[in-house]
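So the protein sequences, as listed, match chains A and B.
With the first letter of the first sequence counted as 1, position 140 gets the number 140 in this note's numbering; the numbers rise by one all the way through.
With the first letter of the second sequence counted as 1, position 155 gets the number 155 in this note's numbering; the numbers rise by one all the way through.
Don't read these hints as lab results, they were simulated from the structure.
Quick caveat: nothing in here was measured; it's all calculated off a predicted structure.
There may be inaccurate statements among the hints.
One-sided and incomplete, this derived list gives chain B residues near chain A with beta-carbon spacing under 10 Å [what the hints assert, rightly or not]:
id, residue
1, Asn163
2, Ile174
3, Asn175
4, Asp189
5, Ser193
Each computed DSS-like pair below joins lysine-lysine, with the alpha-carbon atoms no more than 27 Å apart [as the list claims (entries may be wrong)]:
id, chain 1, residue 1, chain 2, residue 2
6, B, Lys582, A, Lys9
7, B, Lys584, A, Lys36
8, A, Lys7, B, Lys582
Examples of chain A residues toward chain B, derived with CB under 7 Å [as the list claims (entries may be wrong)]:
id, residue
9, Pro27
10, Ser59
11, Phe69
12, Val128
13, Gly129
Don't be surprised by glycine CBs; every beta carbon is placed ideally from N, CA and C.
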Amino acid sequence: MSSIHIKLKEKDCQDIKEICSSFNNDPGELINVLHKTQEHFGYLPAEIQEVIAENLNVSVAKVYGVVTFYSFFTMTPKGQYPISLCTGTACYVRGAEKVLEEIKKELKINVGETTPDGKFSLSCLRCVGACGLAPVVMVGDKTYGRVAPEDVKKIIEEFNS
Amino acid sequence: MTLINIKINGKELQVEAGTTVHQAAKKIGIEIPTLCYMNLHDLNIEHNPGGCRICVVEIAGRKNLAPACVTKVWEGMEVKTHTMRVLNARRTVMELILSDHPFECLTCAKNGTCDLQKLAQDLGVREIHYQGEQSHYKEDRSPAIIRDMDKCIMCRRCETMCNTVQTCGVLSGINRGFDSVVAPAFEQDLVQSPCTFCGQCVAVCPTGALTEHDATNKVIRALADPKKTVIVQTAPAVRVALGEEFGMEPGTIVTGKMVSALRRIGFDRVFDTDFAADLTIMEEGTELLGRLSKHLAGDKDVKLPILTSCCPGWVNFFEHQFPEMKEIPSTAKSPQQMFGAIAKTYMADKLGVKREDLVVVSVMPCLAKKYEAQREEFAVNGNPDVDYSISTRELAHLIKQSLGDIKELPDEDFDSLMGQSTGAAVIFGNTGGVIEAACRTAYEIYTGKKLEKVEFEQLRGFDGVRSAVVDFDGLKLNIGIAHGLGNARKLLECIKNGECEFHAIEIMACPGGCIGGGGQPLHHGNSDILKARAAAIYREDVGKAVRKSHENPEIVKLYEEFLGQPMSEKAHHLLHTKYFDKKKKTYIEK
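Start from the sequences, fold in the hints, and give me the full structure.
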């Protein structure tokens, strides 16, 4: 998993500490702690995982293991406009993969990455419950249905203007 | 205790509730094949993630096959362990595992000792019907351990050793699906992690994914260089385990054959780390008595307990995990490094060779010694005190390459000046041995009396954490002993919280002490092998003419000619070290 390096402020450490103690520093609550922390910071860089590990008294390796296991957790900050592409069964059979290739080409990033200007990030998810609209692309809260590879450029331009 | 009636292959038997099918089958002599499963009886650790599915069996009334290592018996259960369906399934599982495994068996470091290879053979796999993508991970080459995760089969035995037994927390399963692998946090290399290089993960790895960083070729190159004088030292635990690599019974003592093998291989001098172990006792024992008498005189600044420092895995452990306690271990270097420091000064002078032309090789039961040997503080102008450290297994390879076998070799003695040793030094190889050796010397120095019985039986044994009282003629010393880093952690927490008071503590990173080191012949979790090695160590001690370190004539001579007194300025400079805070705290902006 690609990652960036940051320096945490004392205040950030304090915030993480509070999240951990709101779960009684219980190692069994690791997933919930990670959820709350990601909600707070937007992502989970290595430095944050180290502070969580220390507070819950588990190894950093274990925290990293959980972060990399669940696709919901991310170690890179999401872009201003997070793009999510559904690769569930219905979307997949109706050509989601071709759409994905087009988005990757257009933004010059891979899944899980963010454009250098911080504007767009790309992730895949499994079924948004709108199979009738397959293939589905979401940009932030906005949903696009029946997306063809040729539509990608136009969708991105909407947010670039 | 509830008894459960079951049938295995038509044979009726009664087993305790909670027994697994795998354990039950064992009771009637059926060994169901396993791969990820590992049972370390003496540590009370059974590793059964049920992940590999090699141990599947058929159970009447159950549609799918059941993994025997995690399926518990129930009343009336009928198991069949080797139906055609079972055998085919096992072979399929094996083929699938092998379809993502590099075919490098003939050149792999684990060739011949690989559990995966043996199992493929046992299951009669002759063809692999599946082809697909193969995983590729970066290779991680630390000075001690090499991780080649392309060969990992995700049994996760290493994780149990690292996290549960040793409590180092270095390794974890990361990612998911095809990309999953066992790795340190953030997929860093081991040198960036809190790894102690104890090598217990290597000792249990069923494949070539985790191996030692082999230095035998470097040793061969040094031996072939006419400009170099190459000397070797051998640790106490090597001589009671090396024979196993040549088919001898565990516990066979091969000291004399090992010495003659090393001489025939071409080492210019064959010395003994035991000599340096005696030297360690002189320094560490003096330090203990010094701290103790200050403590008894009421000096509040003096720190007790004193902790032994001869185990490099343990040193790495407290530097990473308990850096706030780094002032309490003895400052005495390990025997390996004491040997190196004396060899490259005193011995270099005696031999008339320049430091740069003297190559010191050590043979150790240990992989952490490889890491220790290349620590910056153990070098002079970039020239290390110990050039190469090889494990017992590597020595066996070196002997096989050069001489074939050791069985027919005559027994020979170590060379003089750094080759004589006492029984006290030999027992360094066992848990409890270092502190017993220290007591033998400290008692006589402290009381001024002769020790009637040199054995301190109360310090011996296999329990992970032990404590005993040793009577120094009225002065009662509380001694703590731990082997295995998980047990060491228990003792350290206890001291940190002020719950227990000890005067001295011995800690060894590996279960059993050095005899169970990460560089020893693989014991596959069989603790009877460890016990046989431990017994051999005590036999070797009894057979020694001198059994107390301070009576070693070569040690007496070394102090007379070179060092002066224990803890003298020269001794301090050459034989003592300091420790570093290696706990990572990188994340807070100052």
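Outcome of the hint check:
1. Asn163: At about 7 Å, which falls below the 10 Å cut-off, the nearest Cβ of chain A leaves the hint on Asn163 (chain B) intact, so it holds.
2. Ile174: holds (5 Å)
3. Asn175: Interface hint status for Asn175 (chain B): holds (5 Å vs cutoff 10 Å).
4. Asp189: violated (13 Å)
5. Ser193: This hint holds: Ser193 (chain B) lies near chain A, its Cβ roughly 8 Å from the closest one there, short of 10 Å.
6. B:Lys582 to A:Lys9: Answer holds: Lys582 (chain B) to Lys9 (chain A) is near 22 Å, not above 27 Å.
7. B:Lys584 to A:Lys36: This hinted pair holds, its Cα atoms lying about 24 Å apart.
8. A:Lys7 to B:Lys582: Roughly 19 Å separates the two Cα atoms, so the pair holds.
9. Pro27: violated (12 Å)
10. Ser59: holds (3 Å)
11. Phe69: holds (5 Å)
12. Val128: With a minimum Cβ separation of about 21 Å from chain B (threshold 7 Å), the hint on Val128 (chain A) is violated.
13. Gly129: Result: violated, 23 Å to nearest chain B Cβ.
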